[in-house]
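Protein chains in written order, with the numbering used here: chain A, 1 to 123; chain B, 1 to 123; chain C, 1 to 123.
Just so you know, the hints here were simulated from the structure itself, not pulled from any lab data. Keep in mind that a hint or two might mislead.
Said to hold, decoys possible - Think about it this way: if two alpha-carbon atoms lie no more than 27 Å apart in a straight line, the pair counts; the simulated DSSO-like pairs of lysine-lysine are:
no.: 1; chain 1: B; residue 1: K116; chain 2: A; residue 2: K77
no.: 2; chain 1: A; residue 1: K77; chain 2: B; residue 2: K38
no.: 3; chain 1: B; residue 1: K38; chain 2: B; residue 2: K116
no.: 4; chain 1: B; residue 1: K83; chain 2: C; residue 2: K116
no.: 5; chain 1: B; residue 1: K38; chain 2: A; residue 2: K83
As the list claims (entries may be wrong) - Coverage of chain C stretches by chain A, computed from C-beta distances (three or more under 8 Å per stretch; other residues unrestricted):
no.: 6; segment: 50-56
no.: 7; segment: 63-77
no.: 8; segment: 85-97
no.: 9; segment: 102-109
Note that beta-carbon positions come from the ideal geometry of N, C-alpha and C, so glycine has one too.
Letter by letter, the chains look like this.
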Amino acid sequence: MPLYTITTRVNSLSGESKAALAAALTDFHSRFADVPTKWVHIVFHEYAADSGFSNGLRSPTVALTLLIRSGRSPEYKRQLLTKIWELLQAATSAPDEEIVISLLEGDASNAMEMGKILPDVAR
Amino acid sequence: MPLYTITTRVNSLSGESKAALAAALTDFHSRFADVPTKWVHIVFHEYAADSGFSNGLRSPTVALTLLIRSGRSPEYKRQLLTKIWELLQAATSAPDEEIVISLLEGDASNAMEMGKILPDVAR
Amino acid sequence: MPLYTITTRVNSLSGESKAALAAALTDFHSRFADVPTKWVHIVFHEYAADSGFSNGLRSPTVALTLLIRSGRSPEYKRQLLTKIWELLQAATSAPDEEIVISLLEGDASNAMEMGKILPDVAR
Numbered sequence: 001m002p003l004y005t006i007t008t009r010v011n012s013l014s015g016e017s018k019a020a021l022a023a024a025l026t027d028f029h030s031r032f033a034d035v036p037t038k039w040v041h042i043v044f045h046e047y048a049a050d051s052g053f054s055n056g057l058r059s060p061t062v063a064l065t066l067l068i069r070s071g072r073s074p075e076y077k078r079q080l081l082t083k084i085w086e087l088l089q090a091a092t093s094a095p096d097e098e099i100v101i102s103l104l105e106g107d108a109s110n111a112m113e114m115g116k117i118l119p120d121v122a123r
Numbered sequence: 001m002p003l004y005t006i007t008t009r010v011n012s013l014s015g016e017s018k019a020a021l022a023a024a025l026t027d028f029h030s031r032f033a034d035v036p037t038k039w040v041h042i043v044f045h046e047y048a049a050d051s052g053f054s055n056g057l058r059s060p061t062v063a064l065t066l067l068i069r070s071g072r073s074p075e076y077k078r079q080l081l082t083k084i085w086e087l088l089q090a091a092t093s094a095p096d097e098e099i100v101i102s103l104l105e106g107d108a109s110n111a112m113e114m115g116k117i118l119p120d121v122a123r
Numbered sequence: 001m002p003l004y005t006i007t008t009r010v011n012s013l014s015g016e017s018k019a020a021l022a023a024a025l026t027d028f029h030s031r032f033a034d035v036p037t038k039w040v041h042i043v044f045h046e047y048a049a050d051s052g053f054s055n056g057l058r059s060p061t062v063a064l065t066l067l068i069r070s071g072r073s074p075e076y077k078r079q080l081l082t083k084i085w086e087l088l089q090a091a092t093s094a095p096d097e098e099i100v101i102s103l104l105e106g107d108a109s110n111a112m113e114m115g116k117i118l119p120d121v122a123r
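Just chain A, with the same shape it has in the complex (with noise of 0.2 Å):
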């Protein structure tokens, strides 16, 4: 963790976009939580073109997912939430109805990474 989870439609954003927002949140995250940039991971997914959906009718909808370990302070999300979107609605150029952004936590000791139960948010 973190993971990132990017889902847009099919052809939405080219490999070189992929790759630009990719950079640029891993080195967001990595100063704003303060953890080394080999925990950040960032997949996108991508739809087909009929198969996305706001307001009940096929659209480009963007959404990003992002698990982080439990502990953070609402401000802290708040300052996350608010610079990813700023980020995504860059890369992606969508309008805001068509973008949603949802936060996921867990115990720390409800994810593995490097081999490893995760140590808690230190406070």
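Let chain A serve as the given structure and place chains B and C on it in line with the hints.
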């Protein structure tokens, strides 16, 4: 939020079936949760024919994951799950053994939509 | 539940490898958690060759997310994660830096399977 992710074997739902199911879920969810339809986002993910398993055996498993804001009552969630099950099974014709539906709850402050952090569930 | 979602770069696991890993996870999980094998659902998602990133760089990142009912002890989860890591790494041959595994816990009342809301974890 809500964000529905519906995962099916490739080619098991037509584009028309996806659109009809998305419209039905959006309409139901909006009325049941008393939220605007434009808050409802739905993405269909398809996996390769060799990539789904139930009971240890290859299977056209249907998985629906729904992210909602926390704070709803058990009875609310029971009714929500029951109706979603009904709509999903009608659309996919999958037997009970091949369907799994999960709600994931996050604090409202963990999600951002329309450029804004979400408000808490009204009580 | 449990619902395993295993995300790999396209073509990194053969159909046979997926079936063998799914069988091993199902057998292990059923015995370890003392639940019927038919409760275990597994889906493999594949992402395009340009779509995975670890440490800010393109990478054949392997992500496994597991949805379980809440209520298990930390030691239970530690053993579960450790065994899953071992099976996943054996199947993918991925180095430690490219694997991330997360448990997501939901109330039993948040999931529906076999047409029924799930019972709580037995204690």
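Quick rundown of the hints versus the structure:
no.	hint	verdict
1	B:K116 to A:K77	holds, 13 Å
2	A:K77 to B:K38	holds, 24 Å
3	B:K38 to B:K116	holds, 14 Å
4	B:K83 to C:K116	holds, 12 Å
5	B:K38 to A:K83	holds, 23 Å
6	50-56	holds (count 7)
7	63-77	holds (count 4)
8	85-97	holds (count 3)
9	102-109	holds (count 4)
When held up to the earlier numbered hints, the structure conflicts with none and fits them all.
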